[in-house]
Amino acid sequence: MPQIDQIAATYASQIFWLLLTFGFTFFVIGLGMFPKIQGTVDARDKRIADDLEAARAANVKADELEESYRVKMEKDRSEAQALVEASKAKANAASEKRKNKANADIAAKVATAEADIKSRAEEALKEIEGVSAEAAQDLVAKISGAKVTKAAALKETKAALKHG
Amino acid sequence: MAAEEGKIDPMYQFEVQTILEGFSLGGQQIALTNSAIWMGFAVVALFLFMRGGMKRELVPGRWQMMVEGFTGFIDNMMEANVGPAGKKYAPYVFSLFMFILFSNVLGLLPVGVLGLHPFTVTSHLTVTGVLAIMSFSIVLIVGFAKHKLHFFSLFVPHGTPLPMIPFIFIVELLSFLVRPFSLALRLFVAMTAGHILLKVLAGFVINSSNAGAGYGVLVGIPSFALMIGISALELLVAVVQAYVFALLTSLYINDAENLH
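Protein sequence lines, in the order shown, are assigned to chains R and V. If you read the first sequence in this note's numbering, its first letter stands for residue 1, the second for the next number, and so on. If you read the second sequence in this note's numbering, its first letter stands for residue 1, the second for the next number, and so on.
For the record, the hints were derived by calculation from the structure and aren't laboratory data. A few of these clues could be false.
As the list claims (entries may be wrong) - Pairwise CB distance ranges (calculated):
#1 V:Val239 x R:Arg70: 54 to 60 Å
#2 V:Ala213 x R:Leu31: 56 to 62 Å
#3 R:Ala55 x V:Pro84: 25 to 31 Å
As the list claims (entries may be wrong) - Dumping the calculated DSS-like pairs for lysine-lysine here, alpha-carbon to alpha-carbon at most 25 Å:
#4 R:Lys36 x V:Lys88
#5 R:Lys36 x V:Lys87
#6 R:Lys46 x V:Lys88
#7 R:Lys36 x V:Lys55
#8 V:Lys87 x R:Lys46
Every value quoted in this text rests on a predicted model; they were computed, and no experiment measured them. Each residue gets a CB set at the ideal place from its N, CA and C atoms; glycine is no exception.
Using the sequences provided together with the hints, build the complete structure.
This is how it looks when you write it as structure tokens:
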């Protein structure tokens, strides 16, 4: 195995060159370049994190805006609802009043008309009774020759009219 | 190649060859070897890769995305295993992970086709040992600096009955001391074994084909098919071993940092 056979002869030069090359690696690459590259990565990560944070904040703000918009919408709508409700109630009340008044008018007219009809009917009935009684008086006189008083004839006629 | 007729040495690939004599440092000869060159390749490739991710644009391109994938991966690993205190170790663990990963993958490059000889730096115990000792030292230094002698309570888990404490302490101490060896050996063995297997199979292909068309079809083609599969597996191992090394390092650092 040359690695072991040659150790005595070559260890000094190997260690020398290793220290030289690894020293260069450590001081130039490890201490010089590594932190810079890692710093770039960290800076980029930070930038990305900041951007994400900003986006998140903007999102939250947009949500808040939407929420306030929604609340305002809700308020406006309920106000409009109330307004509609109120005007509807007002209109209802007005029409109710008008209807009642009209009803009352009509009822009064109907009552007078009914009273008129009733009086006329009574008048007519009286006339019919009078006429019927006279007719009955005449009939009785002609048929039987008996004299019937007007009052008796009227009484009989009323009774006959009542029974149909 | 050191391959004579019927003799292909699967260990040859691990040999460290001196390219330039180099210089002397503290009585030791520091030669420019193929190992050093491949370490250099790995670091240059890693540097170029990282350069592509340095545009630092807000919207990343593909390359930057890829680099950020790696840095984010290690960053998350430290965050998950160590917590907020893990951030300051991320550069070290990242260097460790990327260095091992690039060394592993570069060692698998099929540059042999071009006449080059790929060399896997992390298949050498010396290299993995030094890396493991570095991680272990960080754990020790951080542990003692942060918790002083209280750090030894790491070896006594909560709720241990009093008479058991000495035994548990010894067992936990041993497991703690074995950590650098397990780190070093795991990477070294994983890289070595896979490379040997690939070379042995390649030897089968070459030798059986040389022995005749019949052998070539019977042994060579299945071996070659197996090589393709194992190469894919080796790529996976290259990544997984780098990950395991970094993961265990982060877990050990967590022990030192958070102490239960």
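Evaluation of the provided hints:
1. V:Val239 x R:Arg70: 54 to 60 Å: holds (58 Å)
2. V:Ala213 x R:Leu31: 56 to 62 Å: Distance hint for alanine 213 (chain V), leucine 31 (chain R) holds at roughly 58 Å.
3. R:Ala55 x V:Pro84: 25 to 31 Å: holds (28 Å)
4. R:Lys36 x V:Lys88: The hint holds at about 14 Å.
5. R:Lys36 x V:Lys87: Between lysine 36 (chain R) and lysine 87 (chain V) the Cα gap is close to 13 Å, so the pair holds against 25 Å.
6. R:Lys46 x V:Lys88: Holds, at about 20 Å.
7. R:Lys36 x V:Lys55: holds (10 Å)
8. V:Lys87 x R:Lys46: holds (17 Å)
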